[in-house]
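Novice: So the chains spell out like this:
Number of protein chains: 2
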Amino acid sequence: MSSFKPEALDLSHHLSDLAKARQTSPLKGLFRYWGKPGLISLAGGLPSPAYFPYSDISANVLVSNSFPVEPTQGSSSFSWLWKLFGADKLEKTTSVTIPKYPLRPEDINLATALQYGLSGGLPQLQKIVKEFTDKVFQPGYENYTTMLHAGNTDAWNKVVITLCNPGEGVLVSKWTYPSAMASMQPFNIKPIPVDIDAQGMRSDALRTVLVEWDETARGMPRPHVIYAVPIGENPTGTTTGLARKKEIYQICVEFGEILVEDDPYFFLQEGVYVPKSQRGHQSHAGSGVDDERFIASLEPSYLKLDYQGRVIRLDTFSKTIAPGCRLGWYTCTPQFAERLERAAETSTQAPCGFGQALVTATLQEWGYEGYMRWLKALRLQYTIRRDYFVDCLAEEFQLTIAPGTTGMWEGCQVYTGFAKPKRNLTGYFNEKAPMSNALFSFVPPTSGMFVWIKVHFDQHPSFATLGAESMEMKLWIELAEAGVLFGPGAMFCPTGDYASERTGHFRISFSNSENGEMKKATEIFGAVIRKFMGDL
Amino acid sequence: MSSFKPEALDLSHHLSDLAKARQTSPLKGLFRYWGKPGLISLAGGLPSPAYFPYSDISANVLVSNSFPVEPTQGSSSFSWLWKLFGADKLEKTTSVTIPKYPLRPEDINLATALQYGLSGGLPQLQKIVKEFTDKVFQPGYENYTTMLHAGNTDAWNKVVITLCNPGEGVLVSKWTYPSAMASMQPFNIKPIPVDIDAQGMRSDALRTVLVEWDETARGMPRPHVIYAVPIGENPTGTTTGLARKKEIYQICVEFGEILVEDDPYFFLQEGVYVPKSQRGHQSHAGSGVDDERFIASLEPSYLKLDYQGRVIRLDTFSKTIAPGCRLGWYTCTPQFAERLERAAETSTQAPCGFGQALVTATLQEWGYEGYMRWLKALRLQYTIRRDYFVDCLAEEFQLTIAPGTTGMWEGCQVYTGFAKPKRNLTGYFNEKAPMSNALFSFVPPTSGMFVWIKVHFDQHPSFATLGAESMEMKLWIELAEAGVLFGPGAMFCPTGDYASERTGHFRISFSNSENGEMKKATEIFGAVIRKFMGDL
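Line by line, the protein sequences are chains A and B. Using UniProt numbering, read the first sequence as starting at 1 and increasing by one per residue. Using UniProt numbering, read the second sequence as starting at 1 and increasing by one per residue.
No wet-lab data here; the hints were simulated from the structure. Wrong hints could be hidden among the right ones.
Calculated pairs, BS3-like style, for lysine-lysine (alpha carbon to alpha carbon, straight line, at most 25 Å) [what the hints assert, rightly or not]:
| no. | chain 1 | residue 1 | chain 2 | residue 2 |
| --- | --- | --- | --- | --- |
| 1 | B | 520 | A | 519 |
| 2 | B | 92 | A | 36 |
| 3 | B | 276 | B | 420 |
| 4 | B | 5 | B | 304 |
| 5 | A | 36 | B | 420 |
| 6 | B | 520 | A | 474 |
| 7 | A | 520 | B | 246 |
| 8 | B | 531 | A | 36 |
| 9 | B | 36 | A | 531 |
| 10 | A | 36 | B | 5 |
| 11 | A | 422 | A | 531 |
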């Protein structure tokens, strides 16, 4: 634990003019009488809770051990069965109820949750996320602040306009999350791409960009903000390890950077893909163990390294509970939190009270240990899905595995897909047939929800005339017409400067489809890409 | 119905640079295959609904006729009884349940509501608000768009940065909602106050500001946006009638203005206060009647007059269901809606799925007629509260009623509060004692949740040295220390230029307190202001 005192830090040079201009809420003055015993407040614009038309709300919540933490045969999702027979017959649930008026004042209740409230969220949920952050992310200094927000996309939108003025740049991975870039773009805050490898943003490339920054040539000051998705980078599925994180944090210290850690996939750390034939029934590393060992088995948050208050971490319940919660939390210094709270007061106000109440009741019902049990199982479930989808590719294509020699996959075990040898006249595969051209390559993701594939359009005779970008769109349309939708690679190019690529890309999500759908999608992909690349 | 075709309107000169710069979502390209039968989508970043930990959620919803529509003795809120005995024993409720997987595809369900979804909201709720808008607000042209948003404050924040560039001004009422002003302020969009009267913004004053606008002297172009809270203006409680609305809309046409109608209190149209002694048990105008007559009894929305697509209306469920819903909807032209949808995609994304699902289930359970029944009763409930609070003032003070001669209350029946005559030595009031100085004045609100009082600090000997603003704060603190919290008037001054006022102001909310609390608060107010104004 660092002896750093966030309250002593002057962060004002990191704040945008917009953030500096936000006035302290005039309501602040009212707060000094907040909770004064016997005070009658006729100050707020509060409707009477008598007219909230809910006596109570309830949920049947899955028990926290609903999914296994050890891989067993048939442990993949049963949701098709649920759909068929009705969830109540197969799921084990426990009921939670939130009354309008609580039995004990400290209980979660609708009279408070559905009323206007503090932008930072319900105290009961604030307490839960603070304790969770403490135990799981273990920030490197005391007196950090956790504060609820309305989902990571909105949180990032608020953070970037709090930190950056129009015309400034933000350092981002070469391929990254398009909605985050779209938040910046209308404010004329520009993404500055940094080269990546199998661990995401490269520290050497980051240093080079910062060292060589030429304000005149670039037409903007050296960026002071880094946007990072260190786990399950969207779209590449890379995982930034501890050593790399230390290097990047050290660069933040040297160059005075603020690092925004957008980490929705933190608990989806699936580890290295092992081909099916070599895969045992061994436990997923860490999932079947106690909480401390489970946490230790995960790549840590940048927060753990943060001894100077340089990290603004964004957590969300979108991947651990459900995206529709539109609920998450910031972890950062009190000073940044104060500016972000002001931003919330004049826009989203507080996250939805129904969502806050139900998530709070769920987490209270499960308890910390139950939630950790849920998260361990979630990690295994997505690992099984990742494995299943890569297995499908291995069945549909002839996959070779070889170390990458250039670009982001240098030194990685790169999987390259070729058309399988054709059947000969007697119906047998001719294993000795000459290998066709490489169709696509990928490195199986180590976290997150996506496989990022490169399509070798440069092997195609039309490449010289069409170029990668238009070939990518052409193939994307042919796939869609044939019945399978991928994410077009160009979407994930932060600068929009995709034309110079020699390969096309697709982001393929393995998070949401049944096994049968993934299998069928892979077969369609095989048929379409073989035809497209001229290898029927 | 106007023959105006919104699709033919060029609104681009009303869009800010920020709004123009928003790129059409790259996801739009994916939507052309949306819903294609048999399509397998591996394009999105969707977690599997199998891992949403809810089999179902339920609510016990008050029946739509829970509150009376006719005033009867004892029809005020029973919520203290509910708190004492438990709501379930006294309330009549009906249960709604939202399953994860629906029995019929069109049914509201958690697999959809808790998933990433369209920024515009769940189709079932979109359908409800469209029909509601059609029947209740009756827009003046066809092909308008309704689109869900995350509450009026966030919606206004998105609207104002969609319409205005930094350095521009927005026309607002002289006293208005501080959070709306605070949304503009960091973007350097300035409120331009327009004088008001008992109907809110004055059309003649608005015209004068626009006609006499001197771009050089003002240092900004003539404002092209009006922010209006026509019903229950916060803080003044005024109601803009149809004739005034027609005048203001005509000015919008003449001067090319866009009018943003922020209308959370639409259904809290309480009408003119009748002193208790003159009040019969007559039906609240319109509340006990059929839906068409009820709607006709309400001052209409600006939408009804809108034949040129100049109105962006903001509706919210905050006052009709509960503020914690953080849910409402825009009504505007498709072009404005498209830009606002882009703004949502890169920030709030969609409103919370729990809130959308529960509000949808509630409104489906009640049906249109049930919801109208609920709204009629709500209007009466707040009318009873308004009446009760003004009655309390009439008991605590000697109130005179006289036509106002200057300022915003010219021609209104202005109520002025004096200290009651003191008891004489035998314990009787001396009705013939000379009248003390006026303590405060107000016009009872005709809609909304607030009484706006002027305190006659100019009658106080210290006025010349202290001024109204610091006397207001001094009295506000004395009231708070004595146990009652009002909203300080300075909060509601959009420009912050409060120093030149000769009176102080308080906004007093009658929406949320029990009768006993309101009575006690009035007594404390009486004791404190009499002492403060030197009339013990």
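Novice: Could you grab the alpha-carbon distance between residue 422/A and residue 531/A and see if it respects the 25 Å cut-off?
Specialist: holds, 13 Å
Novice: Between residue 520/A and residue 246/B, is the straight-line Cα distance small enough, at 25 Å or below?
Specialist: Outside the cut-off at roughly 61 Å; violated.
Novice: Mind checking the alpha carbons of residue 36/A and residue 5/B for me, to see if they're no more than 25 Å apart?
Specialist: violated, 56 Å
Novice: Assess, step by step, whether the Cα of residue 36/A is no farther than 25 Å from the Cα of residue 420/B, and give holds or violated.
Specialist: violated, 30 Å
Novice: Keeping to a limit of 25 Å between CA atoms, is the pair of residue 36/B and residue 531/A held or broken?
Specialist: holds, 23 Å
Novice: Given the hint that residue 92/B pairs with residue 36/A, test it: the Cα-Cα distance must not exceed 25 Å.
Specialist: Violated - the C-alpha atoms of residue 36/A and residue 92/B are around 34 Å apart, more than 25 Å.
Novice: Compare the distance between the alpha carbons of residue 5/B and residue 304/B with 25 Å, and conclude whether the hinted pair is satisfied.
Specialist: Holds. Residue 5/B to residue 304/B sits at ~15 Å (cutoff 25 Å).
Novice: Are the Cα atoms of residue 276/B and residue 420/B separated by 25 Å or less?
Specialist: Holds. Residue 276/B to residue 420/B sits at ~18 Å (cutoff 25 Å).
Novice: Sort out whether residue 474/A lies within 25 Å of residue 520/B, counting only the CA atoms.
Specialist: violated, 74 Å
Novice: Does residue 519/A sit within 25 Å of residue 520/B, going by the straight-line distance between their CA atoms?
Specialist: violated, 71 Å
Novice: For the pair we were handed, residue 531/B and residue 36/A, check the Cα-Cα distance against 25 Å.
Specialist: Status holds; Cα separation ~23 Å.
When each numbered hint is compared with the structure, violations occur for hints 1, 2, 5, 6, 7, 10.
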